[in-house]
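Trainee: Just so you know, the protein sequences line up as chains Z and H, in that order. To convert, take the position in the first sequence, counting from 1, and add 6; that gives the working numbering. To convert, take the position in the second sequence, counting from 1, and add 6; that gives the working numbering.
Source of the hints: derived by calculation from the structure; they are not laboratory data. Don't take each hint at face value.
Given that identical chains are not distinguished, each listed pair holds provided it fits within a single copy or across any two copies.
Okay, derived cross-link-like pairs now, DSSO-like style, lysine-lysine, Cα gap no bigger than 30 Å in a straight line [claimed, not checked]:
hint : residue 1 : residue 2
1    : K112      : K254
2    : K254      : K300
3    : K248      : K112
Number of protein chains: 2
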Amino acid sequence: MSDLNQFFLQCQSRIEQALEQRLPHANHHPTQLHQAMRYSVLGGGKRVRPMLYYSTAQALGIEFTQSLDTPACALELIHAYSLIHDDLPAMDDDELRRGQATCHIKYDEATAILAGDSLQTLAFQLLSHDSNFNAADNIRIKLIENLSLATGSLGMAGGQAMDLAAEGQVLSLPELENLHIHKTGALIRSSVNMAVIMFGQVHQQEKNLDHYAKCIGLAFQVQDDILDIESDTKTLGKTQGKDIAQNKATYPSLLGLAESKQMANDLLTDALDSLSGFSHEADSLRDLANYIVKRTF
Amino acid sequence: MSDLNQFFLQCQSRIEQALEQRLPHANHHPTQLHQAMRYSVLGGGKRVRPMLYYSTAQALGIEFTQSLDTPACALELIHAYSLIHDDLPAMDDDELRRGQATCHIKYDEATAILAGDSLQTLAFQLLSHDSNFNAADNIRIKLIENLSLATGSLGMAGGQAMDLAAEGQVLSLPELENLHIHKTGALIRSSVNMAVIMFGQVHQQEKNLDHYAKCIGLAFQVQDDILDIESDTKTLGKTQGKDIAQNKATYPSLLGLAESKQMANDLLTDALDSLSGFSHEADSLRDLANYIVKRTF
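Pulled out of the complex, with its shape left as it was, chain Z reads as follows:
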């Protein structure tokens, strides 16, 4: 993320520290489970969801206190849980993630299943109780509702189920979009919407921010599909060419590479348009949208 500005570096340092503090200690019994949880969460990652959340908070003028970090951690814990389970042999069967051995390779399958399970629980636990989190109860409830809807069978997990069902199938463009709106899009939208909830009142720009989130959620996936073809394993930190090898429906397979790139750019334009009511305070959201479409890993 070296092409992003100082704000992102500050946010990255914030989220790393916040996650580190909130994860169970590695020497706390059962130690292997806690080590696996820490390994999977603290092992790098682009932290796109926390960045979106912090950038939305910035756009809304929310004060950056420790209390702001808890929902960012919850988002990243849910993301980390989903990666651990998606990488399992019964799912995508991946051995490499962020340039390192996936959780079930580093430890074992049972530990990986439990680490994912426990990270999901920790996300909801933190939103209900976290010593640095002083949001009002009604805000916490809204955050938990929003995150759980984005995470469950009508959100991210449902999208992963659609993805598995689609292997070897020919999907239409609306079907592929519906898959990714759930699989990747739901948690990305939640990242923006959780900051709006933290703002504590209805914001006139709420719908525009939500539209922004929908566009970049989809753009993120289109770019992922493009990178699976154009990048290499070392740069990606995960196995390149996996989609083709698994005969997965992707935007390039459906639209071709050129039109997929056009689609990503159109979504970027749409996302940026929906921020037109904001001045410079939404620059981080603009930078992130650009980063998502132009990133190389």
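Based on the hints, put chain H in the right spot on chain Z.
Mentor: Leaving out everything else, chain H in the frame of chain Z:
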């Protein structure tokens, strides 16, 4: 549970209906995931945790409205998620549960992982938002906090990790107790404590109820270990003799069968003693304690 009274039959019918209403419809996309969730939750089960929760509510004189059903559902959804994941090949590798094919046998491993994941999410989702649930926000937050602590790496999932680490190991009695206090005990305690939270104020008997819950949580596991030796697969609805086959540390393996039965009876006495401050309104809790130690499946 035919040896229990009318109250339990009413509660059982309550929880079956409440779960049925709150699970995603089987024809809602992605259908296989939703079918797997329903199959695993609605496929029978003793509903011990909801029964404990309802019985504690009865002991405290809480009114039986639809609102009372939501935490009962959350408890059973967490329990169902844990069973699906525990049965996976990488974990206990069980093909039979409640006399039926386990989720990954009936569907496939990927679907079973996602069904467990989604049931966990649904539990927290319902506590944050459920159309029939009108508890105050501060009560909801306390319920989510209590349930998440009981469910995560410092509770049930941690206990399962200890259990896997203990395979083939010789455990001391305190180590075995610690394992079960987490693996089974945490959610059973939460079942009692969530009803206390729903009561909405500090109850003078709170500590006694918590002690009751600790005792029967452990008694439940001791009796489980005894049944694994003394019962048969058909009666149990799951594979009998599994503990010995997997060389698991159990109470009978550590204490012998006679002393294990004595321990279960001592725990029963202790549990009943802690209810001495209650009159007939705690009879269901007394019946449940008796049932847990004297059950044959």
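Trainee: Hints first: check each against the structure and report whether it holds.
Mentor: Here is how each hint holds up against the structure:
1. In this assembly of identical chains, the alpha carbons of K112 and K254 lie at most 30 Å apart whether taken from the same copy (26 Å) or from different copies (25 Å).
2. Taking the closest pair of Cα atoms, K254 and K300 come within 30 Å of each other only inside a single copy of the chain (23 Å); across copies the shortest separation is 53 Å, beyond that limit.
3. In this assembly of identical chains, the alpha carbons of K248 and K112 lie at most 30 Å apart whether taken from the same copy (20 Å) or from different copies (28 Å).
The structure meets every hint from the earlier list without exception.
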